[in-house]
Amino acid sequence: MLMKGRGLLSLSLKLAASLRMRHAEEGNTAPQTMDIQRSLELLHMTVYSQSVSPCGKYLAAGNNYGEIAIFSLSAALSSEAKEESKKPVVSFTAHDGPIYAMVSTDRQLLSAGNGEVKAWNWSEIVKKGCKEAWSRRPPYGSSLEVPEINSLQLNLKDNSLLMAGGDCSIHMMDLESGSFTHEFQGHSDYIHCLALREQLRECLSGSEDGTVRLWDLRTGNQVQSIEVHKYEECNRPQNGKWIRCLATDSDWMVCGGGPALTLWHLRSVTPTTIFPLPQCQQQVMFYQDLILSAGHSPTINHLQISGEVKAQIPCMLHCVHSLSINEQSPEHKVLTAAGSSHCIDVFTNFGYRAFSLVFT
Amino acid sequence: MSSDSGKKRKPKVIRTEGVAPEGKRSRAEAEHSQEGRPLSEEAEVELRDPSKDFALYQRTCQDLQRLMLEIQELKSRGGRDSAAEIEERRIQSCVHFMTLKKLNRLAHIRLKSGRDQTHEAKQKVDAYHLQLQNLLYEVMHLQKEITKCLEFKSKHEEIELVGLEAFYSEAPEEISRPEVTQEDPHQQTLARLDWELEQRKRLAEKYKEGLSQKETILKEIEVKKEYLSNLQPRLHSIMQASLPVQEYLSMPFDQVHKQHETARHLPPPLYVLFVQASAYGQACDKKLVVAIEGNVEEAKALCKPPEDSQDDESDSDAEEEQTTKRRRPTLGVQLDDKRKEMLKRHPLTVNVDLKCKDGSLLHLTFYFLMSLNVVTVKAKVTAAKVTAPISGGDLLSPDSLLSCLYPGDHGKRTPNPANQFQFDKVGIVSLSDYVAELGHPYLWAQKLGGLHFPKDQPQSSIAADNTLSASHMEQTMKLLKTRLESRLALHRQFASLEHGILPVSSECQHLFPAKIVSRLVKWVTITYEDYLELSYTKDVVEAGLAEDTHLYYMAFIERGTAKLQAAVALNPGYCAIPPVFSLGLNWNGERNNRNDDNIRAMEREVNVHQGELLGPRRGFQLLTNQLQRLCLLMDVYLETEAHDSSVEGPKEFPREKMCLRLARGPSRMKPFKYNHPQGFFSHR
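Taken in sequence, the protein lines are chains R and H.
So that you can map any letter, position 274 of the first sequence is 274 in the working numbering, and since no number is skipped, the others follow by simple counting.
Going from the second sequence to the working numbering is simple: count from 1 and add 1000.
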């Protein structure tokens, strides 16, 4: 009898609470406008960068509003994955402007946007703490506008970080001390992308000025400069001369952008294969014996070295800005593609789109 | 012994006739041998060994036999001196007989004592047996008792006791006695029962207390009621007395009173609405005019038979029978009648006039549908400055003016879930067909009338709630006012938009540079279907930002050969909820958000960053500012587009804007952000 009395009391308390809740729902229109604002933001969201955590279980994605969202790949790929597990585990505002580049060291996530590199400890991010570990700004000259950082490249041999972007030069930062050791100058317009030739200790950079330049990492001298648009077979004047993406594999380099996507033999500096893709390509990478590329079309292109287009896998994005393969963990080995949408397409088997991770 | 003697006796019997002589002899012998104590033979028996006696008996018998044989021998010989010998022998035999007799007696005594002993023993056994029986019975009884005990059901088991943990934490030490009860479950139960008793006693006391409190409160209420009932006539007299004063001071109390008198005939929801609206008007908004219109007599007539509505069902059934008999062929007419009956409005209405600062008037008429139990609203706008009729005339139509005042509240469906069943009966598919005639049953109108319909089950009784109405009155009135003002502002803006003029107020001049070349050339309304068919609005529709309750427009902006189409989805809740633009640029091919990131960035500039375009006065200029920015963005887009070096001739659009950089970032974004005092363009 006593127990029953208590049960009734708690029931009535709950009822009162729910009534209060209902009142709160009724009387508020402010959240509605907030929702509209957020759905507008989602509608116009672009995801520029991705990075997989060292454990391979998490994917970080940075968008044009300066937010980093952490997705749990292990949850989204598990057999009992729900809609909820495709949403970010945690998301936080990391930069003022867009986040153009992200890389992961074995402990930290490095993100770069408007003129600043910030580091976040993976151990804390996953535990939903989001305090930056450190932030550094390359030595820029005086300018009205803060130059952006478009590309980050880890150089594990020297334990240094290469960054390049709006100020037309590449900065090398020692990860140990945090000091900027080298600056490679030479481009006449801003730099889109970086790639590393580890055997030769060389660095490649692709720029808006239409050149791909090779730099000696030890001396900081420019080794070579390839003006891609000067080659008749690559040039596409209607698209411009900018080089948006490049990838390298010892003696071979593939680069694209305004000019057609082209495979180059670096030692002889000759374009060997021109891939028949009419759209501008934004991302390219070597994968096994294939070349994966994506750009201003809603497809991921699988290309063969010989120049054949092996497959064009459709995806949800109208324009792809970032491709990433999770090499860190074999059971979560997936290809993720991000771009002009708040969705990130996930390809478990590289042959078709399995599902999308979504920003909220 | 006897059997032994029997065997030996047999030949003797044949020879010497009977036992008696032998017994005599043995007895004599015994008597003889024990001459000294003739009476103590019983004691003697004790001393003698029976086996020895038996041996003695045998020997005596043998001797007797031998003597007999000798006598026989002597007799047969018939000697002379044989008589003496025979005599001697006879004497010896006699002695032997004495002995035999003695032995016989002894045997008898022994037999007797043996019998006695047996008897005694038997009796003892019997006694023991009885005792055993008694004990067994006792055991059985005890066992029965034990099982009875074990099967005993105590009442305490049916009592729901306080949980163990709660017991130890709540009960005082002297009741719980943890040191004893922790170990011993029996003691524990006892302690818990004690605690239960204690608590129940306490609760019983509390109950009594509560009862007495209730009693006193009842009494108080009684007293107060009495006081109040006494007050009524006094107040009346005061009112009567004050009438001349009122007249003298020309104060409209009486008029108000009259209106209140009429208000008494209002149905409960309208009454609540009337009271709350006039209260709000008095407290917060002096320009708010609340009035009651309609036929009071009719309302009075409605009020008189109060049970009419309840008997409605059966009455109408009876009527139905009659009518079907009378005019069977016109079933449709009859259904029509029923529909009319169902959609009947209360003869009284409440009019609310909301005045804006610029003098325009929002005229709201609230109706009450009696059998549907919902409040409906008709709206009318009287604009202060009469504007030319334009294509955007939909803006002030009573149909859409108040749509979605609260999110999702478009007033097409009835908010009372019970109505659907009523509709099914008379064949009304949906209320929306009748909305134009009856007015819109907006949710906020129900709330102002104090009607609250739960989403799941139909409500049976009319319960108009004053507090519900009061809590929504202020916000709704403010929203109504804002809505009217923003609609009027849009109305004016549309008029100029149609003439290709983008009105930018002086407060917003800093948002734009002085020279913008792109021009708005056309502004038209389009339908929802047209909007859906556009190739570049798909994402907006998928994001759920374009519904059929929205208003849709198309803006055409041109500069040279470049033509920009902007599809605008205007939420009825404008300008609290911004409009959504979707762009399609027709210049050197079709460009939209699907194939050009910069077009997407332009959409972002107007849609996401609309906050900076709100301007002063609650953002009534949002739409025009957005359109103006769109023109600016188009200028930037066209001027910064890279010149195709393969095409001969000069650029169509020379670069006039001052830009820090032409492209930035991976998506080669154009500098869409205008920096006001310096006048240059940069990236966001």
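These aren't lab readings, by the way, just hints derived from the structure by calculation.
Owing to the predicted nature of the structure, the values given are computational and were not obtained by experimental measurement.
Please note: incorrect hints may appear among the correct ones.
[Said to hold, decoys possible] Listed next, the stretches of chain R that the computed footprint assigns to chain H, with coverage defined by at least 3 CB atoms under 8 Å from CB atoms of chain H:
#: 1; segment: 38-46
#: 2; segment: 76-82
[As the list claims (entries may be wrong)] Here are some chain R residues pointing at chain H (derived, C-beta under 7 Å):
#: 3; residue: Glu145
#: 4; residue: Glu148
#: 5; residue: Leu154
#: 6; residue: Asn155
#: 7; residue: Thr219
#: 8; residue: Gly240
#: 9; residue: His318
#: 10; residue: Cys319
#: 11; residue: His321
Just so you know, even glycine gets a beta-carbon here, dropped at the ideal spot from N, CA and C.
**Study point:** Restraint outcome when Gly240 (chain R) is required to lie within 7 Å of chain H by C-beta distance
**Key:** Constraint on Gly240 (chain R) satisfied, holds at 5 Å.
Check your understanding: Going by Cβ atoms only, is His318 (chain R) closer than 7 Å to chain H?
Key -> At about 5 Å, which falls below the 7 Å cut-off, the nearest Cβ of chain H leaves the hint on His318 (chain R) intact, so it holds.
Check your understanding: According to a criterion of three or more residues whose C-beta lies within less than 8 Å of a C-beta of chain H, is the segment 76-82 of chain R covered?
Key -> Coverage by chain H is violated here, the residue count being 0 at a Cβ distance below 8 Å.
Review point. Under the criterion of a CB-CB separation shorter than 7 Å, is Glu148 (chain R) in contact with chain H as hinted?
Key: 6 Å, holds
Review point. Taking the closest Cβ pair, is Glu145 (chain R) under 7 Å from chain H?
Key: 5 Å, holds
Point to revise | Minimum beta-carbon distance criterion (7 Å), Leu154 (chain R) to chain H | key: Not OK, violated: Leu154 (chain R) not within 7 Å of chain H, min 18 Å.
Point to revise | Status of the hint placing Asn155 (chain R) at chain H (closest C-beta pair under 7 Å) | key: 21 Å, violated
Review point. Mind checking, does the segment 38-46 of chain R have 3 or more residues with a CB under 8 Å from chain H?
Key: holds (count 7)
Exercise for review: Go through the hint on Thr219 (chain R) and say holds or violated, using the shortest Cβ distance to chain H against 7 Å.
Suggested key: 29 Å, violated
Check your understanding: Close enough to count: is the Cβ of Cys319 (chain R) nearer than 7 Å to one in chain H?
Key -> 6 Å, holds
Practice item. With chain H as the partner, please determine if His321 (chain R) meets the hint condition of a C-beta pair closer than 7 Å. Key: 6 Å, holds
Comparing the model with each earlier hint shows violations of hints 2, 5, 6 and 7; every other hint is respected.
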